[in-house]
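With chain A fixed as given, assemble chain B onto it according to the hints.
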Amino acid sequence: MKHEKIGLFIGKKTLRLISLLVVVCIASFWIVEQSPIDPVRAYIGEMSIQPEQKAKLDEYWGVNTPPQEKFLNWAENILKGDLGVSLIYRMPVTDVIKERFTASLALMASSWLISGVLGFVLGIAAGMHKGTLFDRAIKTYCYILTATPTFWLALVFLMIFSVQLGWFPIGLSVPIGVTAENVTFFDRIQHLILPALTLSLLGVAQIAMFTREKLTEVMSSDYVLFAKARGEKGLDLVLRHGIRNVALPAITLQFLSFSELFGGTVLVEQVFSYPGIGQAAVAAGLRSDVPLLLGIVLVSAVFVFFGNLIADIIYEFIDPRIKQQEATI
Amino acid sequence: MSTAVVTVNRSLFPGLNLRQKTFLIIGFTSLLLLSIVISSLFVDGDSLPTDFGSKNLAPSLEHPFGTDWMGRDMFTRTLEGLGLSIVIGAFASVISTVLTIILGLLSSAGKTADSFVSWLVDLFLSIPHLLLIILISIGLGGGATGVIIGVALTHWTSLTRVVRAEIKQLKTQEYIHISRNLGKSKWWIATKHILPHLIPQILLGTILLFPHAILHEASVTFLGFGLSPHEPAIGIILSESMRYLSAGYWWLAFFPGLSLLIVVLAFDMIGENLGKLMDPKNAHE
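Protein chains in written order, with this note's numbering: chain A, 1 to 329; chain B, 330 to 614.
Quick caveat, the hints were computed from the structure, so don't treat them as lab data.
These numbers come from a predicted model, not from an experiment.
Think of the CB as a built atom: it goes at the ideal place given N, C-alpha and C, for glycine as much as any other residue.
Hints may be right or wrong, so weigh each one.
Said to hold, decoys possible - Under 8 Å between C-beta atoms, here's a sample of chain A residues computed to sit facing chain B: (1) Val-32; (2) Ser-35; (3) Pro-36; (4) Phe-151; (5) Thr-252; (6) Val-266; (7) Gln-270; (8) Leu-286; (9) Ala-301.
Said to hold, decoys possible - Cross-link-like lysine-lysine pairs, in silico, DSSO-like; alpha carbons within 30 Å at most: (10) B:Lys-440 to B:Lys-350; (11) B:Lys-350 to A:Lys-130; (12) A:Lys-130 to A:Lys-228; (13) B:Lys-350 to A:Lys-5; (14) A:Lys-12 to B:Lys-497; (15) A:Lys-12 to A:Lys-98; (16) B:Lys-497 to A:Lys-13; (17) B:Lys-497 to B:Lys-513; (18) A:Lys-70 to A:Lys-98; (19) A:Lys-70 to A:Lys-80; (20) A:Lys-5 to B:Lys-497; (21) A:Lys-98 to A:Lys-80; (22) B:Lys-513 to B:Lys-500; (23) A:Lys-12 to B:Lys-350; (24) A:Lys-2 to A:Lys-12; (25) A:Lys-13 to B:Lys-440; (26) B:Lys-513 to B:Lys-440; (27) A:Lys-233 to A:Lys-130.
What the hints assert, rightly or not - Here chain B is said to cover these stretches of chain A; the calculated rule only asks that three of the stretch's residues, wherever they fall, bring their Cβ under 8 Å from a Cβ of chain B: (28) 87-98; (29) 155-161; (30) 227-237.
Excised from the complex, chain A in its bound form (with noise of 0.2 Å):
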């Protein structure tokens, strides 16, 4: 029965996922075809050419071929696994993601940790003391990050760790003008730190807020009062029967919003020049580098359905409620 379950899972969101890149790549396709943006132009950028290069080039690109079979192509050298030549960048467009993914990683996973840990213990906190001032305060705080923008932060950040202080490098993953052998484990760190510090502090708010209603909700129900009757009380009620309860929905909200994350690394790399896929999109974006940006699209799109589909398994296969529910039945 176990296994029969998880086959039918895996099944359902393979087919779930081919379906959705499949309906993606036809409209992100079809929403930049309606660009009337010159794919050619984009690529020689300034220089001036000779009309018959611009006919070669415009074969070659195939400016004249109807979408359709533009697409045809596009989406058959995708099944072999190839995005094409970013314009910009002048290599293949699964390269350019390898690489700069990898980079945005270490960003995006640093951030989506601190701030899920951090926003975890302050909404404990919260609940814990609610009411008093200390919960008010934090609250506030939560309601105030809501509404900040994420670039802004990050600019005040720079002006005064950067400028001001002089702690931390104005920009870049790695200090300019040394080569990439001789950059040490410590200077990525560095530059990581404002960045990672940045997005970590705004992913709090709603895992804080979360956390809070829902440990709320539990210090309220009939077994805690049951627990407090038994004589249990403050940190010990709190771990034993309260942590247990929340830290699974906070998970999986935690999983869930791989998509603000990336919109979030997006502003953050920009402001610190951070070479991660991010500021590769803005820039695909801002030079018209179609290859380069349906490439990023379908990744982001990949990286999203894995976001949720952990959240998934989570609420299927650990969550202990569930389990037994389906054994009751």
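Same frame as chain A, now just chain B:
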């Protein structure tokens, strides 16, 4: 969420009850936003005097937000940028609301239509929001229209989800069954029985969309898409300020961003407090 705000007022207006205070907060914040929009219409940013004698001045009484490298008063530019943001936010919210109503009614039409709507919501949520706006604005050829339409077309998902859930719940109600048994058409039930219940929800949802739309517009503009560099949008002011950061001109970025934060907070507050008025059961939480 905003009990903190209310607590502040508890000491400020001791004679008023919670309902009156809520009205007062809504009135005050609306007035603030309205005055920003109106005053932004009257100041003309293009004719701002470029006075190179007073460039890059730190904030003072004469220039509360300082001046930029062309000697323009940052307070005036910020005011105009905020006005623009609010207008774009209003446009995006209204379009999103119209889309929500259409899709909501569509989802009440039948099972196939409903699964289509939920499929569409999932599709829009499958790509990171910011990237989707960028993609749409490029598809429309970029420029101000691209960004405005991109922001307008992508904010209906959350409200549609709420409305869809509400419709599902309404449809199980007794009086809808009776109405259907009496032979009323689906359209009649949708417009006469379901829509009136949704109007408060939708109104509230529209206001709560504002902050998201404003922040997204500012973000996309900051990244360099859309609005031309002469427009005094907040995103453009902030991306310009980046060039002067290392020179230590902190006021170029600090005040415009802070003002944007306050505007977004004001919309949040109006939304929250209106919600309290409409749902008195939970107001005393």
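Does A:Thr-252 pass the interface check with chain B, least Cβ-Cβ distance below 8 Å?
16 Å, violated
Coverage of the segment 87-98 of chain A by chain B, judged on three or more residues with CB within 8 Å:
violated (count 0)
With chain B as the partner, please determine if A:Val-32 meets the hint condition of a C-beta pair closer than 8 Å.
6 Å, holds
For a C-alpha distance cap of 30 Å, please report whether A:Lys-2 and A:Lys-12 respect it.
OK: A:Lys-2 and A:Lys-12 at ~15 Å, within 30 Å.
Restraint status (C-alpha distance of B:Lys-350 to A:Lys-130 at most 30 Å)
Holds. B:Lys-350 to A:Lys-130 sits at ~23 Å (cutoff 30 Å).
Mind checking the alpha carbons of A:Lys-12 and B:Lys-497 for me, to see if they're no more than 30 Å apart?
Holds, because 25 Å separates the two Cα atoms, which is no more than 30 Å.
Would the stated hint for A:Leu-286 survive a check requiring a Cβ distance to chain B of less than 8 Å?
5 Å, holds
Run the distance test for A:Lys-70 versus A:Lys-80: straight-line Cα separation, threshold 30 Å.
Cα-Cα ~16 Å, so holds.
With a cut-off of 8 Å on the beta carbons, see whether A:Phe-151 makes it to chain B.
5 Å, holds
Would the stated hint for A:Ser-35 survive a check requiring a Cβ distance to chain B of less than 8 Å?
5 Å, holds
Interface hint compliance - A:Val-266 to chain B, C-beta minimum distance less than 8 Å
At about 5 Å, which falls below the 8 Å cut-off, the nearest Cβ of chain B leaves the hint on A:Val-266 intact, so it holds.
Is B:Lys-350 close enough to A:Lys-5, meaning Cα to Cα at most 30 Å?
Not OK: B:Lys-350 and A:Lys-5 at ~54 Å, beyond 30 Å, violated.
Hint check: violations occur at hints 5, 10, 13, 23, 28, 30; the rest are consistent with the structure.
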